[in-house]
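Peer 1: If you want the building blocks of each chain, they are given just below.
2 protein chains.
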Amino acid sequence: MSTFVEKLQAAAQQNNSLLCIGLDPDPRLMPIADVAEFNQAIVEATSDLVCAYKPNLGFYESLGPAGTEALEQTLKAIPSWIPVIGDSKRGDIGNTATAYAKAMFDVWGFDCVTVNPFGGQDSLEPFLNYQDKGVLVWCRSSNPGARELQDLIATPPLGGGDSRPFYEWVAISAAKWNTNGNVGLVVGATYPDELRTIRELCPDMPILIPGIGAQEGSLEKSTMAGIDAHG
Amino acid sequence: MSTFVEKLQAAAQQNNSLLCIGLDPDPRLMPIADVAEFNQAIVEATSDLVCAYKPNLGFYESLGPAGTEALEQTLKAIPSWIPVIGDSKRGDIGNTATAYAKAMFDVWGFDCVTVNPFGGQDSLEPFLNYQDKGVLVWCRSSNPGARELQDLIATPPLGGGDSRPFYEWVAISAAKWNTNGNVGLVVGATYPDELRTIRELCPDMPILIPGIGAQEGSLEKSTMAGIDAHG
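Going down the list, the protein sequences come from chains F and W.
With the numbering used here as the guide, the letters of the first sequence map in order to residues 1 to 231.
With the numbering used here as the guide, the letters of the second sequence map in order to residues 1 to 231.
No lab work stands behind these hints, which were simulated from the structure alone.
Check the hints yourself; a few may be wrong.
Note: identical chains are not told apart, hence a pair may lie in one copy or across any two.
To be verified - Straight-line distance between alpha carbons at most 20 Å, and here's what the computed SDA-like set of lysine to any residue pairs gives:
(1) Lys-102 to Thr-68
(2) Lys-102 to Leu-29
(3) Lys-76 to Phe-38
(4) Lys-102 to Arg-28
(5) Lys-102 to Met-30
(6) Lys-102 to Glu-69
(7) Lys-102 to Ala-33
(8) Lys-176 to Gly-145
(9) Lys-76 to Pro-65
(10) Lys-102 to Pro-27
(11) Lys-176 to Glu-200
(12) Lys-102 to Asp-34
(13) Lys-102 to Asp-26
(14) Lys-176 to Pro-144
Bound-form chain F, shown alone (with noise of 0.2 Å):
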């Protein structure tokens, strides 16, 4: 079985694209009412354009039990090739964390997750073990407010370390974990700066860059600042 590292080369390749389609239905601003039909129609038009597709697990679970059957028919109707993340931002501790990530990679199957860094280390393990699959780091996020914590001046208690935005030393941390090679980022694409320094940090790990589009952010500088050492 192929891991997700390779499975997103081979479609990226495939597809000569690095573009993610993220699959967020807001049933107030889609066209059509069904949610399974919205999405299979973007999967039928998008197929030969992207390296992966990411359904949001936030909207499919503010619609209740139809949320959750219209997120399988949206699995079934990707094609097999094409890696799905799923974007839940889950993160906990302990066998809470097993529980999720059982979750996602088991019942959901995704090949890929984001998760959120807060509980440290042993918090994403669970998810890291599973080493086919892929655990994307949230980083540094697009909105507004986050400069409130993840803007912090940090440096490690007991010392000797530098001193850094909160974000760093998460990207520093995701790239300590990624001991299976597993690991990738989620970097806003509206904070061009930022992640140009992220993947100074990281040169070879994936990154997920949203924030093109509704959030504003600008494809071009994204590109030029996001694209890994190998180009």
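Since the structure of chain F is provided, determine the placement of chain W on it from the hints.
Peer 2: For chain W alone, coordinates are given in the frame of chain F:
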């Protein structure tokens, strides 16, 4: 309709209890196979002993559709005067946060949720705007790896602030976010000294203190450090 805090205080007074029981069913550890039946037995045996119940969504999600069904049945079994905290540590931005708030409060009907502070104030506003509902901000976790990021010593990027552990900044932010009087904190019982400092920063906010039991936190130390300004 009473607010979460009023409902919590009424239940605490009725049962003379500050105990919140987690409903975190792990089939490998359960004496019977049926999750809903197991939870119903716990609720029947303890509904005169608690001030709240707290189902942890990870465990239900890990069971797929059967888990959704079991959570529905569990919620029906809890007397309506006892508040229910949906422990899901959700955290995301923009319309995703709105979707998660809708899922937790409107679809599931929880009286209160746990959230992750990483995205900052605007990422939590969709939850905070439910003025009758409670929002418990994950501030300091009880796992060994908590120190990795939560204990970094941090200062505001523009100066003008103290040098404090990151988790204290989370507590300070949570107090700022509490304009509707519906914010509380989650602080692990395994670190009573940290808990005492956080209680000093937020003298009146409810603090949920997980980690007694399996995680070997001390009930006595935690109660003494965590009790609010009114005892």
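Peer 1: Are any of the numbered hints broken by this structure? If so, which, sorted upward?
Peer 2: Of the numbered hints, all hold.
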